[in-house]
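Asker: Here is how the chains run, residue by residue.
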Amino acid sequence: MQVFITIANLVGHDAIGQCVIQQARTFLRRGDQVTIVCEVAPVAVDSAIAALVRVTNHAQLSANRLDAFWRGDLYVFHYPGLYSLMDTLPHLDRGAVIFYYHNVTPPELWGNDEVGAWCRRSIDAIAGYVRFADLCVTDSDFNTRDLIDNHRADPERTLTLSLSIPLDRFVPGPRDPDLLTRYGALGKRIILFVGRMAPNKRVDLLIEAMPLVLARVPDALLLLVGDDRGNDTFKRYVSGMKARAAELGIGRQVHFSGVVDDLPAHMRLADVYASASLHEGFGVPLVEAMACGTPVVVSNATAHPWVLGEAGLLCEPGDARDLADKLIAVLTDDALHGTLVNRGLARAQDFAPDRYDAEWARIISRAVVHLPRQPYPDLMAAPAHSLQTVFGRPAQTAEQPASETGAESMADVQATRTRLRGHILHLDNTADVMKRGYVVRSNAPLVGKLIAWIRRNLTSHLREPYLDPMIEKQVAFNHHVSYTLHQMLDAMMAIQARLPADGRSDEQQRALARLADDVAALKAAVDTASPSAD
Amino acid sequence: MRLLNISHQYPPALGGAEKHLADMSEELVIRGHHVDVYTTRSTDYRSWANTLPRFEQRNGVGVHRFDAFQRREAGWKMMNQGYARYWQGRRGRDAAAIFLGSGPLSPGLFVETLRTARRYDVVHLNQLHYSHALTGYLAARASRTPIILTPHLHTEQPVTWDIGYLRRIILGCAAIIVNTRAERELVRTIGYTGPILIAGVGIDLQAYPARERRAARQALGLRESTFVVLALGRKADYKGLDVTLAAMRRLAQRHQDIALLAYGAETEASAALWAGPGNMSFVDRRGEISNEDKLNALAACDVMCMPSTGESFGITYVEAWAYARPVIGARIRAVSELIDDGKDGYLIPPGDDVALEARLEALLAAAETGRVLGEAGWKKLTRCYTRARVADVFESACAMARRRGANSR
Chain A
25 MQVFITIANL
35 VGHDAIGQCV
45 IQQARTFLRR
55 GDQVTIVCEV
65 APVAVDSAIA
75 ALVRVTNHAQ
85 LSANRLDAFW
95 RGDLYVFHYP
105 GLYSLMDTLP
115 HLDRGAVIFY
125 YHNVTPPELW
135 GNDEVGAWCR
145 RSIDAIAGYV
155 RFADLCVTDS
165 DFNTRDLIDN
175 HRADPERTLT
185 LSLSIPLDRF
195 VPGPRDPDLL
205 TRYGALGKRI
215 ILFVGRMAPN
225 KRVDLLIEAM
235 PLVLARVPDA
245 LLLLVGDDRG
255 NDTFKRYVSG
265 MKARAAELGI
275 GRQVHFSGVV
285 DDLPAHMRLA
295 DVYASASLHE
305 GFGVPLVEAM
315 ACGTPVVVSN
325 ATAHPWVLGE
335 AGLLCEPGDA
345 RDLADKLIAV
355 LTDDALHGTL
365 VNRGLARAQD
375 FAPDRYDAEW
385 ARIISRAVVH
395 LPRQPYPDLM
405 AAPAHSLQTV
415 FGRPAQTAEQ
425 PASETGAESM
435 ADVQATRTRL
445 RGHILHLDNT
455 ADVMKRGYVV
465 RSNAPLVGKL
475 IAWIRRNLTS
485 HLREPYLDPM
495 IEKQVAFNHH
505 VSYTLHQMLD
515 AMMAIQARLP
525 ADGRSDEQQR
535 ALARLADDVA
545 ALKAAVDTAS
555 PSAD
Chain B
114 MRLLNISHQY
124 PPALGGAEKH
134 LADMSEELVI
144 RGHHVDVYTT
154 RSTDYRSWAN
164 TLPRFEQRNG
174 VGVHRFDAFQ
184 RREAGWKMMN
194 QGYARYWQGR
204 RGRDAAAIFL
214 GSGPLSPGLF
224 VETLRTARRY
234 DVVHLNQLHY
244 SHALTGYLAA
254 RASRTPIILT
264 PHLHTEQPVT
274 WDIGYLRRII
284 LGCAAIIVNT
294 RAERELVRTI
304 GYTGPILIAG
314 VGIDLQAYPA
324 RERRAARQAL
334 GLRESTFVVL
344 ALGRKADYKG
354 LDVTLAAMRR
364 LAQRHQDIAL
374 LAYGAETEAS
384 AALWAGPGNM
394 SFVDRRGEIS
404 NEDKLNALAA
414 CDVMCMPSTG
424 ESFGITYVEA
434 WAYARPVIGA
444 RIRAVSELID
454 DGKDGYLIPP
464 GDDVALEARL
474 EALLAAAETG
484 RVLGEAGWKK
494 LTRCYTRARV
504 ADVFESACAM
514 ARRRGANSR
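Line by line, the protein sequences give chains A and B. Following my numbering, the numbering of the first sequence begins with 25 at its first residue and continues without gaps. Following my numbering, the numbering of the second sequence begins with 114 at its first residue and continues without gaps.
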């Protein structure tokens, strides 16, 4: 399959860039041919990814400078805002099209007319692209709602797929003494923010909250990490904030680091991660902080509540006092701090790359289901032990719940859930065994068309009344199994994760046992239906 | 894009599906697409009589009309027998009887589609349950041109979709455009897995010019103080005119100054209704009316009432909203999606004249309530049911179908 991923500019270290790179790698693993189409040369990407990039624009594509572009099988248009390559979307004559929406910052949140005008144009253009896409994919529930409510996206064809982060890099660990020395933070308690120094991030609110925090936590230090000189807007904003910090007498307690190389180490430095941003389509730093065992306090706005779940504290948007109160609570209450760390570690597992890959593969399968000669979900690629793992786990849990032994912490329960969900997603991906887009062809010279015609027409009396209904029944059964497992897993994990072992009532114990019985019955049904399962 | 529409009839023939197709075709022409229509020469689905010219250019749309066999008594009988027997065993011969009896049967339309369909990017079938859908479908399939379908299904009426060949047409389309979520669910139930886009029906606001209530009433001979209920549309048995009449009769016992405008083509059902006993003094009944009278009626009424039990969408409610009038419909699936009960109109249980009477009584007592409901309806119309909005959906479906067609070639 020939895949084209379009993006205005590919920057290896930003969230969208990482998303594009991860998708490209998924396609390569599937054996697809991938081209990343950008308008400017890529930045900070490795040579393997750079080799996939073609730099072009709409005018050149229209002039057929990249002829293969118009013959693609799958197109993924990433949309962080308007760029000329998007204008090819309505004119594609073949293939499947995914519109990948990363949200656009409302113009009023930029203190810059030029950027604000671009944002306005970007927002206005969304509906015109959405309506031509086979599927829309967004990073968060907030983005999905935005697309459906404000840009007329079809709910049936709009899917949420949260971004992932490299959990192998973002792990808890000790503070780096060199960094502590560099920032003069030895013995200090660090409040960290990571992001562009743009007005919509409302870093100024963090500055306003600092005097209130310092009154209760005198050793607090605000560390602001991110691009502070990328453009004039950033420079003006930072300069204004520095002046305000000096005016408040906290200039020595606020540190702008600029862009840093080792972000995980900075996340581990922090006692608390804080963001007062008023508009986030996702909020990758939140997840990175949670994965590093850093508690999070953010504004209750846009995608923040969805990303955070119950793993952090939310403050009123635009309210410096409330932000300060929440920061003080986390910095002074050790029990709360510990609880948030544990919850954050568990929540971060939901954004694991393997989970993203599994769901992305499912979306691809759905998008290209009508294309001919597709590599249909490959049952042989399923791990040989996956079904046993899926079915075996709940039975074991019912007999001897792991948490009762004290061996499983909340993080372990979450890890189990993530692993099981991965297996079930794989089951779901491979459920549709029907060769929907199969086209009878023959390469035989001269008589090829005749052979294809005979095969197509003289087998239809068997295929249509007998084979197709049988296979469709199997597909429906597979989907039903997968759906049922999802429901059971959710129910079981909800009971198990919410209740401490010694606090379970008899009724709750019985509910768990019933669920285990259901899983066993389901396993028996699958074994009966599929002789090869064993 | 080059688009070929295949429809059972096309304006000047009357009908919601016909008007919908003409509106969309003309809007697409304005947007720079090439649009042709293959249809019959008929204006009357009861006979499929060949009365219209073979070709005309209507607002940029090339309308090619083909002769169809006229439907006579034997055709009706064959169709009715087919329907009566089909669901007993779903036999092919009964489906064939339905196909032959429904019409329009137009060999010329089939041959010309077969000959020319490959010149178009997409073939669009308008209205599923007449026979042109199957002939157009087969011809387009044979020429391997991607097909999109606007079926206009009545979810409560299986005759519009639950016949074997109708299901096959649905399953063979590259994209389907529906009017409501209920219709989409039904198409999914049938087993269609491709894209289904919800368009609804859009109206051209310019066709509904502002009109004074007082002047409209004068034109229709109505007093300013009269509480006017409008029942607009063909008076088929399922349109709920009997329910409206029953509610109005009881209302007339308590209120002298009320009127029911029953405007639209008469049918056997309505003839039986008028021949029945009971007070009719408040009824102003007219058959097919001019557009001018229709607009006057919409502007003059206090409420548009159509508790129909068989609607695929309900364009009449939207037309009432064009004059900010409240509407009352029956709580069937399609209408429930269109009318927000208590926000832009009222929904009553199907066939419940007591509930309808209560709603009318409430509107009669509080004119302000009706005004608020009507204003909300107007806002909904401008947001969701304009011609441009629906044409966007149509364009999207064509683009998807075109891509899918290219993929399978």
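Think of the hints as simulated: they come from the structure by calculation, not from any bench. The reader is advised that the hints may include incorrect statements.
To be verified - To give an idea of the chain A side of the interface with chain B (calculated C-beta under 10 Å), a few residues:
hint : residue
1    : H115
2    : G119
3    : R181
4    : P198
5    : D202
6    : R206
7    : P288
8    : A289
9    : H394
10   : K459
Claimed, not checked - Restraint ranges, calculated between C-beta atoms of paired labels, are given here:
hint : chain 1 : residue 1 : chain 2 : residue 2 : range
11   : A       : P130      : B       : T339      : 48 to 54 Å
12   : B       : R367      : A       : Q511      : 41 to 47 Å
13   : B       : V485      : A       : D357      : 19 to 25 Å
14   : A       : L90       : B       : R257      : 56 to 62 Å
Note that the Cβ used here is the ideal one computed from N, Cα and C, for glycine as well.
Asker: If any of the earlier hints don't hold here, list their numbers in rising order.
Answerer: 4, 5, 6, 7, 8, 10, 12, 13 and 14
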